[in-house]
Amino acid sequence: MRLVGQNTRVFIVLIVVALGFVFAQEPKYGGTLTVALHGEIDTIDPHQSVTIVGNQVYQNIVESLVTPNANLDAMEPELATDWTISEDGLTYTFNLRQGVTFHNGQPFTSADVIYSYNRIMNPDFPAADASSFTMVEAIEAPDENTVVFKLAYPFGAFLSKLEQLWIIPNDESIDVEQNLVGTGPFAFKEWISGDHITLERFANYWDNGKPYLDAVVYRPIPEDATKLVELQTGGLNFISNVPYKDVAKLEQDTNLTVYRTLGVVRDHFGFNVNKPPFDNALVRQAMGYLIDREAIAEAIFEGHAQPAQIAIPESHWAFNPAIANTYTYDPAKAKELLTEAGYPDGFSATIKVSPTYPLEIKMAELIAEAGREIGVNFEIIQLEWSTWIDEVVSKGDFDTEIVLISGGMDPDDFFYQWHHSGEVFNLWRYSTPELDKMLEDARKASSQEERKALYYQIQDTLIKEAPMVHIVYNESIMASASNVKGFVMTGREDMTFKDVWIDQ
Amino acid sequence: MTTYIIKRLFLLVPVLLGVSLTTFLLLRLTPGDPATSILGVQATPVEVARIRKALGLDKPWYVQYGIWLGNIFQGDLGVSYQSKKPVAELVRQRFPATLELTVAALLFSTLLAIPIGILTAIKRNTAADHAFTSFGLFGISMPDFWFAILLILVFSLYLGWFPASGRSPWAAGIGKYFKHLVLPALALGLFNIGALMRFTRSSMLEVIGQDYIRTARAKGLSENRVVLHHALRNALIPTITVLGLQIGYALGGSVIIEQVFAWPGIGWLALTAINQRDYPVVMAVVLINALVFVLSNLIVDVLYTWVNPRIRISEEAA
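So the sequences go chain by chain: A and B. The numbering used here applies: residue 1 is where the first sequence begins, and numbers increase by one. The numbering used here applies: residue 1001 is where the second sequence begins, and numbers increase by one.
By construction, these hints were calculated from the structure, which means they are not laboratory data. One or more of the hints may lead you astray.
Stated by the list, open to error - FRET-style restraints, in silico, Cβ to Cβ: (1) A:125 <-> B:1076: 20 to 28 Å; (2) B:1021 <-> A:421: 51 to 59 Å; (3) A:325 <-> B:1045: 34 to 42 Å; (4) A:28 <-> B:1099: 39 to 47 Å; (5) A:381 <-> B:1137: 49 to 57 Å; (6) B:1182 <-> A:482: 41 to 49 Å.
All values reported here derive from a predicted model rather than from experimental measurement. No residue lacks a Cβ here, since even glycine has one placed at the ideal position from N, Cα and C.
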């Protein structure tokens, strides 16, 4: 079971690739890519940054041992050329790429991997991703070009977690927070707060001939209208987060190229399972039938969204086809379930949303309207984003919530941190020993078939217990001037420019 | 006069202390946690507690305020929780942009508003008066972000006269610098034009009706001399008071305008910092805005005596 839209997309990609061979153009060197960021970055330090915009910048400066492919379904070599995994799944041995230098001229060796790892795991360091490596028992460097990770228990998603181990040089004197040094295609030059961040081409980059651009300049521009006018008038030649209502207009403009993918960005409607009536699974299931996913995709996303049943995309290897189309828009069925649950006359509850995610407020309105038909009275409460985090995530003070979630590659990313007991992201506080065990087993199982079977069961449970029901997968949309070539969009919000060139 | 100015400068101390304490308390009372903002939402309670301790957020609020105050008196504004840059450096980078924008907006609005105000007062109830008065009402009632986007669509997208966003450094050329400044200054100045124009008009009308104006006319003075010399000088006194307050409005308005035009000033910095609960940055920006507001009003008060020598500052009353 695959989505029609995705097949079409694959087809278009094939045509584009074929045309690419026919009109194969040699990349040209030179030029500056001026890129809009959705807002100011938090920090340039890859081990501390927690924002998407921060990641969009530093991913051009620093690299990891491995990096996901564009489909986000396998890890590819980056600073490691290859690796072996022991039979028991406990030892990962990486051979490092040789002849790589950092922007400061220092050669890249295993000591840098260990230094970077230790920096993240230092208990006094406010690392963003220390929890990614809790399974690592020891890290060793038998020689300059080899790194060995010893795990405490087998961990199927270990390679995908390694992406967070961004490699910086083994040199205490470098102020990473102000002057990031890496091995990436572009070197950090300056960051003027509120104005711009400039990266320069790294001439000694290991991937021969790359990158093509002389420089990348990032400008924080929070206002959508301003960003679009700057793209149309040539002040910018690359933007992300294109508003859905403007996609059609930009696609008609022959001076622009629009990039669209259906990735891992998704919306859900979640319930506080500790609070009546949402402590009753039948009520939660009923909510699943209150959502008109097609109408939401059309009315709110101008068609740039697909109905969703579960966190994991339908194209993913671990997606359980048996759950496809479980929840449809069926108010009569919802009413039936509510009656069965003991709420024949409905109930009143709140939906907490944040203006940081304006589309989710519209979803709440549509769901509230559907609720009224069967006697469910939803009050929509808008909270400023930090307050939303405080009340919903930290304190669990909510009835229901709607929010956008992004990210994920390995199935573990989609389920463990969201549904295991005690995890911060288990907003809905749904927890059973059975589900916990399945999640733990799935992350430890080493063969993909074994893991797949467990993830199928997990999806069955989540659909039936419905601590949250999904609404839609969102398209991610970026745009550039049409002379910008070579950009490949992933299903995440990545903006890597090592293959990008300007036809000028 | 000098004594008066010195006394007023001394008054700054309690004002800034009051502003800083209020801001400090408001920040602590606002839900949301800087530690979560730094570590990301996925942070475990243990990590959050560690960061809170490292930032001193686990101490009682009065201790935190005392530490902050002690640092301020040593000229240390602290370090941004997010960017890890010294707050003084952020302010140094971004305050000039706000100052330029505010001054340009005020200059532009004053230069337009006062002549129009005079004109509409003299030509009361004519078509010109009605047109300009309606425009003034438009300026006051339009939301500034809406007007800002309208300016971008007309002057950047359709006419292509001015860039839609950003600030160009002096070094890149004066022409380019002003091109970038025009639209944000227009957008920020719009409200001021409306308010100032209507104020000038009404105080001119009041003055024109006075006996001494009739006397001046009766003496056979030219109308220009009557209006510019006798009437305007008196009418300007209340207008100058309003101008002092407008500086406050402009600083407040710059928060929105800077964000729309991606103008790298401290208003936008404050907005980002508030969203991220970056306390040291918010404190510094509020303090600086308060300082600018108080100082500019002091200047306005001094200007009074210059415009109208009848007003003498009573040194005792100060």
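Cross-check of the supplied hints:
1. A:125 <-> B:1076: 20 to 28 Å: holds, 23 Å
2. B:1021 <-> A:421: 51 to 59 Å: At roughly 43 Å between Cβ atoms, residue 421 of chain A and residue 1021 of chain B fall outside 51 to 59 Å, so the hint is violated.
3. A:325 <-> B:1045: 34 to 42 Å: holds, 39 Å
4. A:28 <-> B:1099: 39 to 47 Å: holds, 42 Å
5. A:381 <-> B:1137: 49 to 57 Å: Hint violated: Cβ distance 36 Å, outside 49 to 57 Å.
6. B:1182 <-> A:482: 41 to 49 Å: violated, 29 Å
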